[in-house]
Structure formats: C-alpha cells, structure tokens
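Based on the provided sequences and hints, a complete structural model is requested.
There are 2 protein chains.
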Amino acid sequence: MLPDNVFITLADIEAARDRIAPFVRRTPVLTSDLLDEATGGRLFFKCENLQQIGAFKARGACNAVLSLTDAEAARGVATHSSGNHGSAVAYAARLRGIVAHVVMPDGVARPKAAQVERLGARITYCAPNQAAREAETARIVAETGAALIHPFDNLQVMAGQGTAALELIEDAGPLDLVMTPIGGGGLISGVSTAVRAKLPAARMVGAEPAGADDAARSFASGRLEPMDHPNTIADGLRAGLSPATFAHIRRNVDDVVTVSEAAIVEAMRALWETLKVVVEPSAAVPYAAILEGKVDARGKRVGVVLTGGNIDLDRLPWIRP
Amino acid sequence: MLPDNVFITLADIEAARDRIAPFVRRTPVLTSDLLDEATGGRLFFKCENLQQIGAFKARGACNAVLSLTDAEAARGVATHSSGNHGSAVAYAARLRGIVAHVVMPDGVARPKAAQVERLGARITYCAPNQAAREAETARIVAETGAALIHPFDNLQVMAGQGTAALELIEDAGPLDLVMTPIGGGGLISGVSTAVRAKLPAARMVGAEPAGADDAARSFASGRLEPMDHPNTIADGLRAGLSPATFAHIRRNVDDVVTVSEAAIVEAMRALWETLKVVVEPSAAVPYAAILEGKVDARGKRVGVVLTGGNIDLDRLPWIRP
Chain W
1 MLPDNVFITL ADIEAARDRI APFVRRTPVL TSDLLDEATG GRLFFKCENL QQIGAFKARG
61 ACNAVLSLTD AEAARGVATH SSGNHGSAVA YAARLRGIVA HVVMPDGVAR PKAAQVERLG
121 ARITYCAPNQ AAREAETARI VAETGAALIH PFDNLQVMAG QGTAALELIE DAGPLDLVMT
181 PIGGGGLISG VSTAVRAKLP AARMVGAEPA GADDAARSFA SGRLEPMDHP NTIADGLRAG
241 LSPATFAHIR RNVDDVVTVS EAAIVEAMRA LWETLKVVVE PSAAVPYAAI LEGKVDARGK
301 RVGVVLTGGN IDLDRLPWIR P
Chain X
1 MLPDNVFITL ADIEAARDRI APFVRRTPVL TSDLLDEATG GRLFFKCENL QQIGAFKARG
61 ACNAVLSLTD AEAARGVATH SSGNHGSAVA YAARLRGIVA HVVMPDGVAR PKAAQVERLG
121 ARITYCAPNQ AAREAETARI VAETGAALIH PFDNLQVMAG QGTAALELIE DAGPLDLVMT
181 PIGGGGLISG VSTAVRAKLP AARMVGAEPA GADDAARSFA SGRLEPMDHP NTIADGLRAG
241 LSPATFAHIR RNVDDVVTVS EAAIVEAMRA LWETLKVVVE PSAAVPYAAI LEGKVDARGK
301 RVGVVLTGGN IDLDRLPWIR P
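Protein chains in written order, with my numbering: chain W, 1 to 321; chain X, 1 to 321.
Read the hints as simulated data drawn from the structure, not as lab findings. A quick note: this is a predicted structure, and the numbers were derived from the prediction, not measured. Using N, Cα and C, we set each Cβ at its ideal position, and we do this for glycine too. Where hints are given, some of them may not hold.
Unchecked claim - Here are the simulated distance ranges between beta carbons:
| no. | chain 1 | residue 1 | chain 2 | residue 2 | range |
| --- | --- | --- | --- | --- | --- |
| 1 | W | E37 | X | A142 | 28 to 38 Å |
| 2 | W | E37 | X | R217 | 43 to 53 Å |
| 3 | X | M1 | W | D314 | 36 to 46 Å |
| 4 | X | R118 | W | R315 | 21 to 31 Å |
| 5 | X | I123 | W | W318 | 22 to 32 Å |
| 6 | W | M1 | X | G173 | 39 to 49 Å |
Now the structure itself:
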C-alpha cells in the first residue's frame, strides 16, 4: 500500500492530462433547466459515462500504463476490478500493445466482463471479496512480472482521474461545489486535488451509498474504518479506502454524505429522463444526495462527475422482473 | 404546403445558428474505435440525442418560433407531432413565453407525451393518421390564430435542423459521406444544404426503414410518391415527404437507402454497447444501413446524425416481454 503522507499535486494532474490527451475523450458537460428548477441550483454534469470504456477509469489507467518504462511495460500489467477499471487497464494495455491480466469477481455484471474480453485482456475469476481479489492478483504479478495497476491505491491513477476535474472547471466556469461518488477513493483524491488548486473557495463533497459508508465513517472518526459487507446496488462503490486515498480525502474534502438505495435508483431514472444519459448506479450517487436533501444545491453552481454508464440495459433497477 | 421551387441556403442556416445558439446545446461528436474496426470507416456521430428535449427537433422549432414577429407570437403556436417536434415546439414556446398547442396521435409513446406536458404545452389527441393530425391542427389554428409550426414543411424549421451539420463539420473535419434518417425530410433538407455548401465533394445519403420507404421510392421514380401505411418501429420516420423537402432531396442528396427492422434494433444495441448512447429507433437507421451493407463506409470519413434518444427504457425492443 502507498504511504499516507504522499500527495498528488496539480502538476501531476496536468502532466497526466498531457500524457493521456490523445487516448481519452474530452467528455461533454451537460446541464438541464428541469434539473436546475428541481434542485434550485445550477448543475453541471461531467459525462464520463461517455468516456472511452464508458467510465472515468480510462483516465487513471491510461496515465498509469503510459507512465511505465518500456522494460516494465514489456512484462504486461495486472489488476483486479469489479469491472470498469479492468476495462480501463485492458484499453490502456491495448493502446500500448502489451498484455493485461484482469482479476474479476465471480458474478460480475455480464457487460463489464464482455467488454474486458473484447479489449483483449486475460480474465481470471475469483471469489467476490477483496482478499481473494488481491491474492489472485498478487499471484499473477509474482508469476509473470506484470506491473500492478491498482484501481485506486496508485498515485498515477489518482492523478489521471483528476483530469476530469480540469475539464469540468474549464467548461463550466467557476463552481461553488463539486461532487463525486466515493468507492476506493481514487477519483475523489484526484478531483479534490484539482478543485483545491483551481477553485480554493469551492466546497468538495463526496457521496456514498449508506450500505457502503466506510468513507463517511472514516471521515467522521478521523481513522480509516474498514469496509465490511458492503450492501448496495452501486457495484462500483463497494471497495474500501486505502490509507493514501483517505489521506487525500482528509486533506481536501469538506464533507462525505450517504444516500439510500431508493434515492440512487430515483436519481438514475431522473438523469435519464432529463439529460438522456444512462448512468450506472454508482454514478447517480451524488445527484441522489441532492435529491435526498443531504446536499443543498440551492443558489449554487454545482459540478457533478457522472462516473460511468456500464449497466445492463436489459436489467434496469427500476423495472420489476 | 410550401412550393417546391424555394430552397434554403447556407446563409439561412448560419442565421439560424446565431438565432438559436443560446437555447440549444452544442452536442458532442463521438467516435469509437470498435465501430470503426467493425465498419472499416472512421465514423463521427453527432449526438443530437443529447440535445435539448432529446432530439435535433429543438433546433428547427427554436428557429421557427424565434423568427415570429411579436404580434404573431402573441397568438401562440400550434403543431402536430408523433412526439419530438411537439416537445421542441413546447420548449421553444416556453422560451418565448407563449402558448403551444400540440396535436398528438392516440397511442403515442408515453415518455414523449409526458415531456410535452412537462414543458407546459396543451395537448390534443387525435386518430393516429396524418389526415386527422392535420385537420385537428388546422382547427386549432383557425380557432386561436396560433402560428402553425409544421414539423418539416417549413423553411425556418429546415434551416434550424441544418445547424447540426455545421457543428458536425466543424468538429469532425472533412467528411467523405454524411448520413441522416429521412422521415418528413426536414432534417435532410437542412443538413444536405449545409453539406453541399461546405463539403462539395462529400456524398449525402438518406436512410429509411424499408417499411416507410416513400423517400426511397420517390427518389428512384423522380416523383413524390405517397406514404401509405408505414410499418416500422422507427416511429419518428412514419411521415411522408412534402413537395418542398422532396425538392431539397432531389437537389442535394446522392442516394436514399432502406433498412430492415432487425438491422435497426441491432444498430440501437450496438450504439449503446460501444458509444454508451441510447438512441430511439429512428436515430439508428443510418448506422443500420452501414451494418446491413447498404452503404459502404470502408476507407471513408463518415458523419452520422444520431437524431434523438426519446425512448421508453422500460420497453427496449431487444428485450422480449
């Protein structure tokens, strides 16, 4: 694990932006008068669901894989992921022409595994818990010499994720509040670093499902609390923080709020009906926090990162089977 | 009906662009390496599914409604529409603070009617055929003095739709081929005028469902053929051409191709899985033509207008009930 006294900087994020620019999309920032009327704020949605591989994870993975030396890259890369980071590493490895090993939990959503396969990575399935994933990945790294591209506990990954905030701020202009979901904390580590540097007066708020609230508990107690038995539809947010991402959150983030499962589903549906974007449950969590009154958007210019759109449309959570 | 010897010009489209700029989105142009590999071309998708009201129709309606004099506007506007144009007129009328009357066919998709209502328009339902729609709209115009904003047989509407092509060409750069679907022909009238002026060497191709192929038959025969009993999932393409839109097609369009219903559904699904955009069946028709081999994209830079995304996600056509 990374130490908790090393922080990424704006310069790291700007270097990442230049490194990954040819390989990621500058995603649109969408607004909706209807959502503004409903919330009383002016909301700017950074549509990373339209990013390469359908999620912001392409940014961090590209930055990390493209930062490897040629000698390191020649032995390939490995990671574990519930889906989007696996696709992102596969995508980045394909760009670089190297092998990607992706460890995925049994029962992972079908479209996520299919996308990893389509991108040419080698998938290894394991039991659906953090320990099994890490052990299987460690075995592959030991056997092949592949470079581990951790989904969030990696400074290059955090810096890559932060590039989404640079674009959001450029396109939306000054913001009073910026929100992201929190899973392992890689995205908010990067985004909050960019926000602190570019918009010193803005509030930075993370949002989590109540059923996977390790970041909220850790933020409240000041100690890294374990994630036990996460229980949420937001499958991208079931990972727990690392010491390094928790340190970034403590330094840069003003609040961490939690939301109900019902609000997540309601937010997904509202974003579809107004913005015409389909996002995965994890991506709907910040807007769910506004819907549920956990964050007050009234009178504020609010930037929200819509993190991803990899969902099985055949199984939308608001449709009863 | 408009005469068939009056044509819109690039200047009309540029004036429309300036008039509507504050009120419509500059939608993103997305590309996908996977789709390029599948088709052998370089495809640029203009995402009008992310436009205000979820369809390019916002462009034409805004241009027409904002072009009215204050005296004309004061009596309101009226139109008939299977959905998207109705929302677009409601949206434009709300911007201008005037009443919109929208005539919709019985059985119209629920989300389309709901959106028109949410935008504050007055809906009148009628029998689901062109004659009933036109008669009901004429009655409202006679009673209220509202200005008729025809969905396609209106030069300001055509010019507004053409603004999508100006943006597509600016963002994608030179194109060898540009494609749109054809319903009543308003979109292709505007887009083809812009393409002829900006990209004189490019091919301009329209695509239709085989079950609503009046434009293809008219293009082949050189006479305006009637649309009888359209039978297609692409509910936005069931209208027939007008003399004016047919004249624009004859002047500006190189070919009109038709596609099967199965290809439309396959194209919708492929666009979702690769671009992460959900489009309505009508919008998938040009890509369906490439999938089905009706248009050869190999080695070409191809611009495709994805016309709209107003679909009921609870009833996706690739899911058996």
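Verification of the hints:
Distance hint check: the CB atoms of W/E37 and X/A142 are about 34 Å apart, consistent with the given range 28 to 38 Å. The hinted window of 43 to 53 Å between W/E37 and X/R217 holds, with their beta carbons roughly 46 Å apart. At roughly 44 Å, the beta carbons of X/M1 and W/D314 sit within the given window of 36 to 46 Å. One distance hint, 21 to 31 Å for the beta-carbon pair X/R118 and W/R315, holds here, with the actual separation near 27 Å.
Checked against the hint of 22 to 32 Å, the pair X/I123 and W/W318 passes, with Cβ atoms roughly 25 Å apart. Taking the beta carbon of each, W/M1 and X/G173 are about 46 Å apart, inside 39 to 49 Å as hinted.
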